[in-house]
Amino acid sequence: MKSALLIAWREYRQYIFSRGFLLFLVLFPLGVLFVGATVGYLERAKPARSFVVFDETGRYVDAIDAELERRRKRAILSAWDAYVRLAAEPEALEAALIPEPFAPGPANHARVEAFFAAGLDAAAAALAPYLRENAPAFIEPRRQFERLPLPEEARAAKNLADAAERLRPYLLDEKRPPGAKEPLFAAVLIPAGFSRAPDAPSAEYWSRNLTDPALESVIADALDYALQREAAGDYGLSAAALEEIAGIDAPLESFRPDKADGEAALTLRDRIETSLPAMMTYMLLVVVFGVGNLLLTNTIEERSNKIVEVLLSSVTAGELMMGKLVGIAAVGLTMPAIFVVGGLVMAFVAPGGNEFAAEAAGALFGSHLIWVYLFYFFCAYAIFAMIFLAIGAMSNSLQDAQSFMGPVMLVVFLPLPFMFMVYQNPNGLIASILTWIPIYTPYAAMMRAAAGPPLWEIVGATALMLAFAIALARVMGRIFRNAILQSAPPKARDVWRLAKKEAR
Amino acid sequence: MTETVLSLENVVKRYGGLAAVDGLSFAVARGEIFGFLGPNGAGKTTTLRMILGIIPPTAGRITVLDSISAIPVRHRLGYLPEERGLYRKMRAAETIAYFAHLRGVPARAAKKKAHELLERFGLADFARAKNEALSKGMAQKVQLLATIAHEPELLILDEPFSGLDPINQTTLEALIRDLKAEGRTIIFSTHVMQHAERLCDRFLIIASGRKRFEGDLAAARAAFPPRLLLRTRDPVDPLAAAPGVREIVALGETTDGEREYEIVLERGADPQLVLKAAFEAGIRLSSFERAGASLHDIFVALAGEKEDEQACAMKEAAE
Numbered sequence: 001m002k003s004a005l006l007i008a009w010r011e012y013r014q015y016i017f018s019r020g021f022l023l024f025l026v027l028f029p030l031g032v033l034f035v036g037a038t039v040g041y042l043e044r045a046k047p048a049r050s051f052v053v054f055d056e057t058g059r060y061v062d063a064i065d066a067e068l069e070r071r072r073k074r075a076i077l078s079a080w081d082a083y084v085r086l087a088a089e090p091e092a093l094e095a096a097l098i099p100e101p102f103a104p105g106p107a108n109h110a111r112v113e114a115f116f117a118a119g120l121d122a123a124a125a126a127l128a129p130y131l132r133e134n135a136p137a138f139i140e141p142r143r144q145f146e147r148l149p150l151p152e153e154a155r156a157a158k159n160l161a162d163a164a165e166r167l168r169p170y171l172l173d174e175k176r177p178p179g180a181k182e183p184l185f186a187a188v189l190i191p192a193g194f195s196r197a198p199d200a201p202s203a204e205y206w207s208r209n210l211t212d213p214a215l216e217s218v219i220a221d222a223l224d225y226a227l228q229r230e231a232a233g234d235y236g237l238s239a240a241a242l243e244e245i246a247g248i249d250a251p252l253e254s255f256r257p258d259k260a261d262g263e264a265a266l267t268l269r270d271r272i273e274t275s276l277p278a279m280m281t282y283m284l285l286v287v288v289f290g291v292g293n294l295l296l297t298n299t300i301e302e303r304s305n306k307i308v309e310v311l312l313s314s315v316t317a318g319e320l321m322m323g324k325l326v327g328i329a330a331v332g333l334t335m336p337a338i339f340v341v342g343g344l345v346m347a348f349v350a351p352g353g354n355e356f357a358a359e360a361a362g363a364l365f366g367s368h369l370i371w372v373y374l375f376y377f378f379c380a381y382a383i384f385a386m387i388f389l390a391i392g393a394m395s396n397s398l399q400d401a402q403s404f405m406g407p408v409m410l411v412v413f414l415p416l417p418f419m420f421m422v423y424q425n426p427n428g429l430i431a432s433i434l435t436w437i438p439i440y441t442p443y444a445a446m447m448r449a450a451a452g453p454p455l456w457e458i459v460g461a462t463a464l465m466l467a468f469a470i471a472l473a474r475v476m477g478r479i480f481r482n483a484i485l486q487s488a489p490p491k492a493r494d495v496w497r498l499a500k501k502e503a504r
Numbered sequence: 001m002t003e004t005v006l007s008l009e010n011v012v013k014r015y016g017g018l019a020a021v022d023g024l025s026f027a028v029a030r031g032e033i034f035g036f037l038g039p040n041g042a043g044k045t046t047t048l049r050m051i052l053g054i055i056p057p058t059a060g061r062i063t064v065l066d067s068i069s070a071i072p073v074r075h076r077l078g079y080l081p082e083e084r085g086l087y088r089k090m091r092a093a094e095t096i097a098y099f100a101h102l103r104g105v106p107a108r109a110a111k112k113k114a115h116e117l118l119e120r121f122g123l124a125d126f127a128r129a130k131n132e133a134l135s136k137g138m139a140q141k142v143q144l145l146a147t148i149a150h151e152p153e154l155l156i157l158d159e160p161f162s163g164l165d166p167i168n169q170t171t172l173e174a175l176i177r178d179l180k181a182e183g184r185t186i187i188f189s190t191h192v193m194q195h196a197e198r199l200c201d202r203f204l205i206i207a208s209g210r211k212r213f214e215g216d217l218a219a220a221r222a223a224f225p226p227r228l229l230l231r232t233r234d235p236v237d238p239l240a241a242a243p244g245v246r247e248i249v250a251l252g253e254t255t256d257g258e259r260e261y262e263i264v265l266e267r268g269a270d271p272q273l274v275l276k277a278a279f280e281a282g283i284r285l286s287s288f289e290r291a292g293a294s295l296h297d298i299f300v301a302l303a304g305e306k307e308d309e310q311a312c313a314m315k316e317a318a319e
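In order, the protein sequences belong to chains A and B. Per full-length UniProt numbering, residue 1 is the first one in the first sequence, and the count goes up by one each step. Per full-length UniProt numbering, residue 1 is the first one in the second sequence, and the count goes up by one each step.
The set of hints was computed from the structure by calculation and includes no laboratory data. You can take every hint at face value.
Not everything, but these chain A residues come out facing chain B in the computed CB check (under 7 Å):
hint, residue
1, Leu6
2, Asn305
3, Lys306
4, Ile307
5, Glu309
6, Leu312
7, Ser313
8, Ser314
Restraint ranges, calculated between C-beta atoms of paired labels, are given here:
hint, chain 1, residue 1, chain 2, residue 2, range
9, A, Val26, B, Glu119, 35 to 41 Å
10, A, Val26, B, Asp178, 45 to 51 Å
11, B, Lys112, A, Phe420, 56 to 62 Å
Here the structure is a predicted model, which is why all the values come from computation and not from measurement. Beta carbons: idealized from backbone N, C-alpha and C, even for Gly.
My request is simple: use the sequences and hints to build the entire structure.
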């Protein structure tokens with residue numbers, strides 16, 4: 001056992017104390033910060049996307065402007081809430097001292113109207129007594145979209161086709177609208193007969209930037225709303241009444257039936273707990289894949305370098321296998337562990353992040369689930385790691401390993417498409433089937449752990465998985481021992497022979 | 001009485017229908033340098049792996065340091081395989097210390113021993129160098145030092161001289177003698193006979209997995225048929241009928257026009273009778289000498305392609 005631990009420690013040190021890994025540990029958070037900061041900066045610096053509207057009806061330009069304004073107000077309110085959470089004293093937030101509608105809250109119609117009726121200056125004044133020391137001033141987010149006046153030549157267009165033709169040079173950036181610094185992003189063409197009638201002609205959205213659908217969505221919403229307002233008028237409903245109807249936000253709370261009365265309301269922690277299985281399964285896949293590659297390359301190096309013969313004169317093949325499995329498992333767990341701990345530390349340190357971090361830590365470490373995850377995590381790791389180890393023992397190079405790796409990787413990733421179904425319906429048929437397939441039992445059991453699956457099913461499937469893992473360990477161990485000292489790598493057809501019996 | 005540190009009794013190793021080692025028996029005494037000789041594919045490495053417990057024998061019994069398996073006594077054994085390598089990213093001292101630690105030396109002592117050995121073998125400056133940065137000769141030295149750092153009682157070296165330049169070969173020979181002087185038992189396999197001739201107290205020759213000879217050089221020579229080397233300008237055909245002559249082999253012509261012959265005698269034949277026959281046949285000899293068989297000759301004769309009659313006779317003589 002001591003020899004196995006020594007081998008494990010060497011394997012661990014080889015990767016964890018390598019210059020590359022240490023550099024990665026330092027650079028990764030810096031990289032994340034850099035990418036985050038750059039994306040944020042670029043997002044803020046992005047110029048407003050400009051567009052023009054050719055409206056033969058003359059009725060819809062205002063509707064589009066109104067939709068733009070509505071969205072802009074919501075964007076400002078959302079930015080304001082984020083600012084308050086960061087800039088205000090935590091005590092003031094906790095004690096709800098900031099008056100409504102300036103305290104962070106849902107961006108419903110009533111709050112938006114109240115907020116902008118008071119104005120940003122009033123909001124700043126209301127917040128001033130509760131600001132942290134040296135808190136920066138609120139900066140209004142930039143406009144995302146800007147409607148420009150139609151160029152002179154497009155105004156004279158006889159119809160939609162003519163307007164499209166006249167606007168084409170602007171959309172292709174061969175011309176710019178007067179005063180525009182950026183190319184024209186899009187043009188909206190509304191035909192004369194545009195209405196909600198089934199046979200009415202369609203409005204047209206022209207843009208080269210089809211991968212950015214944000215503006216298209218704004219225009220669609222604006223036209224929908226305008227047509228709805230027309231319809232409401234036809235039914236005798238006033239515009240004010242329609243506004244009120246549109247502003248209705250139905251209050252809805254979520255509850256869990258498996259929790260005691262009084263505690264059944266769905267909390268942040270509940271939501272974190274429900275997404276934990278998916279996160280753990282994803283992490284398992286990443287670790288199995290990453291660690292599998294480490295095991296493979298490492299065993300191939302020892303085999304092709306002939307170090308393995310010296311090792312086998314000092315330790316048994318079983319000790320060597322065990323040492324490698326433990327050492328590389330520790331390597332595989334170090335990175336996610338560092339990220340989990342680092343993430344929690346950063347969340348605790350970040351202003352306003354305490355609640356989330358505390359709930360996440362509570363969800364992760366505060367229940368029996370962490371042990372369930374760890375148990376299945378190690379089972380899955382052991383099953384696949386033994387397969388990788390045996391493949392490494394049969395290969396002198398990565399090229400040799402390719403012929404074995406293809407089918408194995410297919411098996412590793414096969415359950416991925418089904419995992420979403422298990423996530424959505426943890427006690428459904430697919431979940432049950434995957435639970436009873438030993439190599440997928442860990443994945444399925446982890447995904448179902450928080451959903452209260454039938455105990456007999458989990459116990460039975462786990463027993464089957466353990467029996468399978470023991471049988472697999474024996475077979476893979478035999479392949480490892482029989483193949484590791486062969487000078488020529490065995491062919492795929494030899495695997496059965498190697499697995500069948502000890503070389504005697 | 002000499003203590004036996006290793007004995008093999010009728011050891012067999014089969015791979016499918018092929019017997020890589022076939023009924024091999026021999027013993028090695030404490031403190032001796034034992035040569036394990038054989039051509040490529042003779043079963044040397046397979047035998048050494050069985051001795052070390054890396055692979056199990058199909059049949060037979062192996063006793064190492066009074067244990068029926070090498071596994072319980074593996075910390076008292078040292079093994080340098082024929083095909084050897086090092087962890088490329090590991091440092092030289094670290095490598096030696098790691099293997100010593102793996103073989104039971106406490107970590108601190110292993111580290112100290114590694115530096116001592118590197119110092120002793122002129123590699124102190126490379127203690128912190130990564131193995132991938134070492135020259136081939138230096139890497140081989142590190143491998144050897146990693147084999148002996150835990151001070152094994154029984155040292156098994158598989159083709160230790162292969163790949164070494166003449167200077168390093170001499171250094172290694174000296175090291176093997178030093179280890180013997182310290183009381184260690186050394187088994188080494190080789191097919192370079194000069195090393196075996198210079199170093200071995202006793203040796204074993206195997207071919208096709210079977211023992212062909214076990215004993216010392218004197219015993220091998222004594223059992224080997226005597227040979228005569230002679231030079232003459234006259235035909236030597238009359239000597240074929242001389243008592244004890246088994247075969248006459250023409251070796252070639254010398255620069256002064258004479259011919260050189262090797263006369264293979266029957267075991268126990270008297271060379272004087274051949275000299276007398278030459279004199280009686282009027283053969284004018286410019287040179288007549290008795291040639292002692294070298295280990296190379298013995299090896300070639302014993303480990304040749306087929307176990308011929310002579311080899312069988314040698315084997316009987318040896319046993």
